[in-house]
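In order, the protein sequence lines correspond to chains A and B.
According to this note's numbering, the stretch in the first sequence is residues 1 to 371, in order.
According to this note's numbering, the stretch in the second sequence is residues 1 to 319, in order.
All clues stand as given, with none of them false.
Here are the in silico distance ranges between beta carbons for each label pair: (1) B:127 x A:197: 42 to 50 Å; (2) A:209 x B:92: 51 to 59 Å; (3) B:34 x A:260: 17 to 25 Å; (4) B:34 x A:190: 16 to 24 Å; (5) A:5 x B:38: 49 to 57 Å; (6) A:264 x B:235: 24 to 32 Å; (7) B:263 x A:190: 54 to 62 Å; (8) B:188 x A:39: 36 to 44 Å; (9) B:126 x A:188: 21 to 29 Å; (10) A:264 x B:288: 34 to 42 Å.
Derived list of chain B stretches under chain A, where covered just means 3 residues or more per stretch with a C-beta under 8 Å from a C-beta of chain A: (11) 94-106; (12) 117-123.
These are calculated hints, taken from the structure and not from any lab test.
Remember, it's a predicted structure, so these values are computed and weren't measured experimentally.
Quick reminder that beta carbons are idealized off the backbone N, C-alpha and C, glycines included.
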Amino acid sequence: MSFRGFLIKVCHVTGLPVLEPFVRLAYGEDPKEQFRGIAKFILVPLLAVGLFLGAWSMAARVVVTDSMKLPGPGETWNAGTQLFAMHFEQRRADAEKQREKARSAIKLYAQAKATEKIAQKSEDPAKQKALQARASVLKRQALDAANYVPSSAPTFVDQIITSLKTVFFGFMVATLIAVPIGILCGMSPWFNAAFNPFIQVFKPVSPLAWLPLAGLVIVWWYSSLQSEPFFSKAFLISAITVSLCSLWPTLVNTTLGVASVDKDYLNVARVLNLSWSQRLFKIILPASLPLMFAGLRISLGVGWMVLIAADMLAQNPGLGKFVWDEFQNGSSLTYARIAFSVIVIGLIGLLLDRFMIFLRNLVSFGNPAAA
Amino acid sequence: MSIATLAQPVSRSSPLPEPPPPIMTMRGVSKGFGQGITRTEVLSNINLKIRPGEFLAVVGFSGSGKTTFTNLLAGLEMPDEGEVLFEGQPITGPGPERGLVFQNYSLLPWLTVRGNIALSVNRVFSHWPSRKRRDHVEKFINMVGLKHAAHRRPHELSGGMRQRTSLARTLAMKPKVLLLDEPLSALDALTRSVLQDEILRIWREEQQTCLMITNDVDEAIIVADRIVALNPGPRASLGPMFSVELARPRNRTELNHDEYFKGLRNAVTNYLVAVRQKDRDDQAARASQPRFELPELEPIVPSKPSVSVFSRSVSNSGQ
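Whole structure, please, built from the sequences with the hints as guidance.
Okay, here's the thing in structure tokens:
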């Protein structure tokens, strides 16, 4: 395949057909047609966004109460840039503090060594003992300083990262549960009959209903643990709530994918006398991957949506908590920051969706479906 | 005049040589689907012997149960009545000794041409060293002329290339009987005749027994040693057997002027058309007949001494 064909294929598989006219234009293919494509995919959406911004700023002028005011696009943008500026300022300050601590750690360690030397040289056992105690105190201080972790409040970017970690952890747990069960349900109508009531009943349940129960189980589990757990309680509650909600689309789609494997493929397996595991791994799983990944895509979307609510309620330091805290503290910037985080949440959701489309197209036997 | 007499009558102790035992036999095979009121009988009382090494064509109209017929021979379906024998043994399921080429190719879309063929080779010849298996796969890719497309996936292939791949996949299992279920019916006429020649070449080279299901009488005459007609379903049964006594290799253009070819083609076609017409007439007659609705009444029969009384007395006396 030519490089051009490869690039166009990349555009389709990554779910970015927007870029296709540019690739074709770069190779000088019928410019008029390509400009039409660019107009359709770029200019028209840009125009629509412009109209939306206009309507938004008009609304911002109208929607005003005694204490609150709908932020306009400009204010939102400023609040956003400020959030990022605060993040970088914080990082810089933290780094400064850390360097300082590292310097003092070296200094303390040197002092400790010097004290130890003096202790060795001194002949008075009492004095030696005191000096050695002093040296060990200094050493411990040096160690603390070297291991210093800035304890500043999480910034907006930190919160985004926490949210992403939470959603991926929850999504991973959901996938590990849903895919095997889905395969079993798809392969055995009996197993499906047993599981179907649970799927039907729990599928439409909102995360807010799950959250207290998930919290209860995790609090109980943590109370029985002796050692320090690896995950914080709030993180785990959020992640498990995400799992419980994003389980179902994957489960249902995997079941459908496995149950609807083309009968001809199964006949091929029968003619070849494939064993059960060979049939599963060579025929059934590859054949059901596209539907399974379509389910995973919906799951990740649901998970991201649920996460914001779960973060709010479980006080997991993610984007949901950010929105909630802003709402509670009620500064003049509150609503602008919330509006900004709404857009950020949307954009991250879009990126996650594109990523899943990309994965799904990779397993669709070279037939990328429309995004 | 003298009458010559033989001193001793010579008894012909060795009559005609025994025909070789059939490689596959269908004995009184019936098959239907569904149960109760929704049941349809597809095939009924099929008897067929496939001779080793022959090329047998089964011709029939669509809907006459041709696919069920091949599935029975392949072992994908089990007969409701009767039995299907392979080398004298009843078959219990599909196996690599009976290679089936599917009508709709049934290639696995996530595997390349090479991957599809390798799947069957790796399974059937799992005891071979990997080097030998790889060479075997390449041999069959070359045999169907797909060397240039071995790395492509099915959706990047034309219909003819897909069927070649499917053929290579089945041939690579080295089946003793090759079952071709309308392998060429989805292809254009040109690709069709090319693939017919290829199937014949491979059949000669591999010296297999071959059974081809088709709806094309010309195709059947060109490829087959014997042609058997399948009467229209439901309850399809086998019609007469036509023997094709044309020298091989058969040339299509020459055959078009051959009187024997024309006669045979007419005979087979006329039989199929006539049997379908009869079937339709029967159906029409059945539909136009006045229907008698019988009341749901039990006829009154003078009561006989019941069997249960009798059997009880027997069992009592036996105690």
